[in-house]
Structures are given as structure tokens and as C-alpha cells.
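Engineer: Start counting the sequence shown at 1; every next residue gets the next number (UniProt numbering).
Accuracy of the hints is not assured; some may be wrong.
Stated by the list, open to error - With a cut-off of at most 25 Å between alpha-carbon atoms, the simulated DMTMM-like pairs for lysine to aspartate or glutamate come out as follows:
1) Lys229 / Glu257
2) Lys229 / Glu184
3) Lys229 / Asp307
4) Lys277 / Asp259
5) Lys55 / Asp381
I should point out that these hints are in silico values taken from the structure, not numbers from a laboratory.
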Amino acid sequence: MTGYYPFRVGTQAGVFLHMEPAGVPTMFPFLSENMRQLDYSTYLVGKWHLGYCKKEFLPTNRGFDYFYGFYGPQTGYFNHSADQYHRELKRVVKGLDLFEEVGNGKSVPDFSQNGVYSTDLFTDVAMSVLDNHNNTKPFFMFLSYQAVHPPLQFVQSFILGMLTAMDFAIGRLVEYLKTANLYENTVIVFTSDNGGTSNFGASNAPLRGEKDTIWEGGTKTTTFVHSPKYIEEGGTREMMFHVVDWHATILSITGLEIDSYGDGINQWEYIKTGRPKFRRFQFVYNIDNHGSAIRDGDYKLIVGNVDRKMSKDKNRTRLFRISTDPTESKDIARNNPKIVRRLLAKLDQLKKFLHKNVRKPLSLSGSPERFNGSYSSFWCDGQA
Numbered sequence: 001m002t003g004y005y006p007f008r009v010g011t012q013a014g015v016f017l018h019m020e021p022a023g024v025p026t027m028f029p030f031l032s033e034n035m036r037q038l039d040y041s042t043y044l045v046g047k048w049h050l051g052y053c054k055k056e057f058l059p060t061n062r063g064f065d066y067f068y069g070f071y072g073p074q075t076g077y078f079n080h081s082a083d084q085y086h087r088e089l090k091r092v093v094k095g096l097d098l099f100e101e102v103g104n105g106k107s108v109p110d111f112s113q114n115g116v117y118s119t120d121l122f123t124d125v126a127m128s129v130l131d132n133h134n135n136t137k138p139f140f141m142f143l144s145y146q147a148v149h150p151p152l153q154f155v156q157s158f159i160l161g162m163l164t165a166m167d168f169a170i171g172r173l174v175e176y177l178k179t180a181n182l183y184e185n186t187v188i189v190f191t192s193d194n195g196g197t198s199n200f201g202a203s204n205a206p207l208r209g210e211k212d213t214i215w216e217g218g219t220k221t222t223t224f225v226h227s228p229k230y231i232e233e234g235g236t237r238e239m240m241f242h243v244v245d246w247h248a249t250i251l252s253i254t255g256l257e258i259d260s261y262g263d264g265i266n267q268w269e270y271i272k273t274g275r276p277k278f279r280r281f282q283f284v285y286n287i288d289n290h291g292s293a294i295r296d297g298d299y300k301l302i303v304g305n306v307d308r309k310m311s312k313d314k315n316r317t318r319l320f321r322i323s324t325d326p327t328e329s330k331d332i333a334r335n336n337p338k339i340v341r342r343l344l345a346k347l348d349q350l351k352k353f354l355h356k357n358v359r360k361p362l363s364l365s366g367s368p369e370r371f372n373g374s375y376s377s378f379w380c381d382g383q384a
């Protein structure tokens with residue numbers, strides 16, 4: 001959303017949890033805010049996960065005209081309840097995490113959808129929103145499905161239920177766009193934020209690692225972009241691309257002349273034609289006290305731990321040549337000291353831009369037991 005690497009905005013230590021009195025600092029404008037400045041209607045349906053305890057953190061105060069979905073990291077697909085173990089209470093805290101915002105941070109819990117599968121629910125809401133959209137204005141919709149994130153809950157009528165349900169839902173949405181005469185002039189981006197988790201049956205093979213690690217299996221994902229107007233079907237693009245590039249790239253889709261934004265570069269020309277106007281040669285996986293990783297050309301440097309567990313690797317330096325070893329099976333640091341020194345120097349320069357970690361301990365002030373059974377907002381307004 002910001003166009004900046006997590007270490008630049010203070011979110012390098014992981015994601016926000018329910019009852020956490022924190023959010024992405026408001027000094028960093030979100031993509032939705034910039035799209036609104038370009039006179040786009042802006043809609044978010046599904047997962048937020050960028051902080052909710054303060055009114056200023058809520059989607060409709062960060063550039064979205066409308067929001068329907070959930071605030072935290074995950075929730076039940078059918079009951080829309082987020083169940084979280086709290087160490088102080090030594091028990092599970094349960095509460096609804098399904099809300100609607102119609103503007104200016106006015107957040108209302110929706111208890112009426114118990115039993116409705118969230119993938120279907122969010123698709124229906126997205127189509128309803130577009131039914132009411134003023135077609136004299138362009139729109140930007142962020143449809144952020146929970147699928148295929150845990151908990152593993154699915155509709156029994158589907159094989160490979162969660163994934164198939166999402167695929168079917170996206171198909172319904174595309175057919176809707178065609179029927180509504182919106183399809184030809186709409187750019188569709190389908191992407192993911194991380195690799196799968198092995199504890200829940202996922203495999204990132206042949207890549208090494210999983211979600212919450214800085215191995216390729218935890219960070220590298222597949223994306224497709226579809227546009228009848230701009231992109232010929234069947235092409236592939238394999239040049240380096242980082243999630244921070246989406247901010248500048250999507251702004252460029254609107255017609256805005258832009259080379260870069262934050263840490264990202266505009267890759268729209270490359271996506272359209274396969275001929276890059278701007279080329280990325282390096283990026284940051286993450287920079288944090290427990291471990292860091294950067295990519296520079298063919299090489300990937302890892303310093304410290306590859307996950308958030310404290311281990312004997314905290315001072316270890318690894319080097320991989322990703323172009324010839326995409327599975328990160330051969331550490332070549334010992335045989336390439338000059339490359340290691342050069343990349344360590346780059347890492348040291350980047351660390352000068354490290355933002356203070358904004359994560360905070362959980363607070364019972366945000367317990368749904370205080371808000372009629374829902375993870376409502378406003379409970380940390382006024383806190384620093």
C-alpha cells in the first residue's frame with residue numbers, strides 16, 4: 001500500500017494482530033489515497049490487516065471510499081470470528097471480525113452473515129459495490145480474499161475446496177464485469193503476498209522455505225495481469241519485480257507520468273509489452289534485528305536468521321546465486337568474499353533508513369468482550 005519496503009515504515013517485525021494497538025504510520029500515503037487524488041472511486045473488500053485500533057488507521061480514513069471485510073490477520077470463513085489465545089488471560093478470546101465502513105471511519109460490525117462462506121460473501125459484496133458505482137468515474141477495487149489462508153475451511157461441494165472456491169468466485173466476477181460492460185476497460189491483477197505454510201499442507205517446491213521466512217519459497221510468488229485493452233494474452237514476464245513496484249505501476253495505469261514512487265519503480269510498460277522502460281536490478285527482502293536479506297543482480301545475501309525464531313544463525317552470512325541456484329541449495333559465501341563484502345556494505349547503507357519498529361504488545365483494551373463481541377475500533381485513540 002505504501003510503496004515502501006517494510007523496514008522503511010516500521011513493519012519489518014511482522015504483521016499486526018487482533019488487539020494490537022498499532023498500525024502503519026499515517027505519514028505514509030496509501031495507494032488508495034493517491035488513486036482518490038486522481039479522481040478514482042476506491043473500494044476495498046476483504047482483508048485489511050494494516051491496523052484498526054485508531055480511527056485514523058481505518059480504510060475509509062486511508063483513501064478508500066468504502067470498506068467491507070475484516071481488520072485482522074485471519075478469521076473464520078463461515079462464522080467470521082477471530083479466535084486468539086491470550087497469554088495474560090490464559091484462554092482463547094473470541095470475537096466477530098466482519099465490518100462495513102461507508103466513509104470517514106464509521107465502522108459497523110455485521111453479525112448477519114454467520115454461515116456464509118467468506119470467499120462467496122466478498123465476491124457478492126464486490127459486485128454489489130460495482131452495481132452502485134458511478135460509471136462516469138473510473139474505479140480502483142482491492143478485492144483481498146482471505147483464501148487460501150488458514151484456517152482450512154471450505155465448501156464441501158468443491159475438490160481442493162478453498163482454491164477452487166476462489167477460482168470459481170473470480171470467474172463469477174469476470175463474468176459480471178463483462179455483463180456490466182466494464183471488462184474491456186478494466187485491468188485485472190491477481191497476486192499473492194507470500195509462499196504457503198507447510199504446517200497447513202502447502203508446498204512451495206522446488207523453492208526452499210515457506211511463509212514467514214526470507215527463503216525464496218516464503219517470498220517469491222506468481223502473478224498474472226489481464227487486460228483486453230492493453231495486454232496480449234499468453235505472454236510471460238520474468239524480470240525482477242518487487243511488491244513495492246505495484247504502487248508506481250498502478251498509478252501509471254491511470255495515465256499518470258511517473259517513473260517511481262517510494263522504493264518502487266513503474267513497471268507498467270514492461271507488463272504491457274515485455275520491453276522495460278525502467279529495469280530493477282536489486283531489492284530488499286527485509287531488514288530487521290533478527291535477520292536481513294537483499295538481492296543484487298544474480299546474488300542474494302542473507303545475514304542472520306531466515307525466520308523469526310532465535311537460533312544459532314543470528315551471526316551467519318549466506319550467499320546464493322539465484323540465477324543458477326533458484327532453490328538456494330549451495331551457499332557460496334566462503335568462496336566469494338569480495339561479493340559478500342560488497343553486499344554487506346550495501347546492506348549497511350540501507351540500514352541507515354531503518355524505521356523504528358511500530359509493533360506493540362497486545363492490549364486487553366481491544367478485547368471483543370468490551371465491544372459486544374466484536375473487534376471494534378477506536379479503543380486506542382489518543383495513545384501515542
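Engineer: Please go over all the hints and tell whether each is borne out by the structure.
Structural biologist: Hints, verified against the model:
1. Lys229 / Glu257: Holds, at roughly 19 Å.
2. Lys229 / Glu184: holds (6 Å)
3. Lys229 / Asp307: violated (42 Å)
4. Lys277 / Asp259: holds (9 Å)
5. Lys55 / Asp381: Status holds; Cα separation ~7 Å.
When each numbered hint is compared with the structure, a violation occurs for hint 3 only.
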